[in-house]
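**Student:** Given next are the chains, with one letter for each unit.
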Amino acid sequence: MNPAGMNRRLIGAVALAVGAVATAGGVLLPLYQETRTFPGQNSTLVVTAFGSTGTGASTPGFGVPLVLAALLMLVAAALVFRETPSTPLGRMTAIAGAAVLLGAAWSVYLFVTNLSAIAIVSVPPGGQLVQTLDLGLMMLGGGWVVGTLGAVLVQELPEADTSREEWRERAERVRETVRTSERARVPERAESVVPDRAREEIPVPQEARAAERTRKTPPATETPWEQPKPSPSGGKRRRRHALRESDEEPENDEAIIYQLPDVAVDDVATPPLGYPAAEFGPPEPESYGFPPEEFGPQGPEDEPEATTRVTLDPVDPPGRS
Amino acid sequence: MRQRLGVFSLLAGAVLALVGSLLPVYRQAYRLAEQLELEVTAWNVRTITGPRPESDEFRSSVQYGVPLAATAALLVLAVLFLRSRRFGAVARFLAAGVPLMLVGAVWVVLQVYLRLAEGNRRVDPITLTTPGLGLWVLAVACVLAVAGGVLVQHWPAPEPAPEPEPEGAVVHRLPDAEDHEQVS
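Order-wise, the sequence lines are chains A and B. With the working numbering applied, the first sequence corresponds to residues 1 to 321, in that order. With the working numbering applied, the second sequence corresponds to residues 1 to 184, in that order.
Read the hints as simulated data drawn from the structure, not as lab findings. If you're wondering where the values come from, they're calculated on a predicted model, not measured in any experiment. Glycine included, C-beta positions come from ideal geometry on N, C-alpha and C. Hints are supplied without guarantee of correctness; some may be wrong.
[Said to hold, decoys possible] Not close to chain B: a few residues of chain A, all C-beta gaps over 12 Å, as computed:
{"no.": "1", "residue": "30"}
{"no.": "2", "residue": "43"}
{"no.": "3", "residue": "151"}
[Claimed, not checked] Quick partial rundown of chain B residues pointing at chain A, CB under 10 Å, derived from the structure:
{"no.": "4", "residue": "61"}
{"no.": "5", "residue": "68"}
{"no.": "6", "residue": "89"}
{"no.": "7", "residue": "93"}
{"no.": "8", "residue": "97"}
{"no.": "9", "residue": "98"}
{"no.": "10", "residue": "108"}
{"no.": "11", "residue": "109"}
{"no.": "12", "residue": "111"}
{"no.": "13", "residue": "112"}
Using the sequences provided together with the hints, build the complete structure.
**Tutor:** Following this line, the structure appears as structure tokens:
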């Protein structure tokens, strides 16, 4: 902790100790005194936190919660005086002590003022009543103020200015990162969507086949208007492509099969001889080369006579339904 | 989850503190020449049976409800600002302290009741004091508020458990997995 924070903590600890002592004094000293000089009656009443003495003395003992509050504040002062592992516990104890003191002392104050209000209205004509809200109440109130001040001072206050600076710095860094990555991504992304657009124009399957062939040639020669240009509308273009991509039907007449080494391939059907259909053009024998030779023999299904046993409806090739 | 439970407890404590201050804290029956029964809440004294007391002694009563209502308001305030980035620390400070303030206030009311109930132990008591529903409601409010105040604090996180060793086959998902369905 920085020196300022340490000073603050020490001042808070001292304030807690002072508050505890003041509360203890308030518990011991009288809270309220009254002297009645009525015709035919002279009496005094002294109310303390542990009860009352004198005529009509029947006040409850408020000592226990007040003493508990004073003890909590004293313990908190001892715990936060040095920076130890138990300092967080001391901080909580400080809050607890000040809070219990506030609740109890407030209610005691209300009780005592009510007592004095009752006494005033019970004065008979010709009688004299001298009331004193005594030192004990003042000490309880002062103890609460000082103790609460201490409880606030020993907390770990967030240092607002530095943290805000730090946040601004971090936000600026993130913004910079986003900007540079956008700049780097734009050309590469535009290039990658060009073949998609070319494929999308062709509606019928025969032409799709033709489009597949043209795709192998560099797209720059046939679709010059689709060149990625570093224009301000690049973002819009990209978004449009992204939308089209999702709408596009997944049409693929050349299957891409990834085979993992330890996966059973029994259910991967070898395309029958009638597939692709005649209208798709001359069959390309190299597309049937599954599994590839480098994978070696794959089982009895790969034997020639096993392949001939497979009979499937050529109109409804597997995977199309 | 813990935070949500704490917020719920704090709010329940605030509501119960208000409700408890409106309910009778204790009842007093005076065995005088004429029957007199009183109901004392944190705000006023009500006559149940007997003549309406002329003396101001009955009309004026200790306003224990003031600190109780203040406590409820502060609890709600703490809950409202708990998620705030700027005032979150203050809200947690309040959430830790205000329930104990409620405890202190209710404790004093309890002490007053206990002192009055002492009279019941005499052989021939003039007054008979019985606890009211408000006392129990306030006690429950204290428990709930303290629990909520503890739950919403930021405790240091416990030591993270070591990552469990992955078991079974390593499965890689390929980026265009949909294409497989076309063939198989």
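**Student:** Broken hints, numbered, in rising order?
**Tutor:** 3
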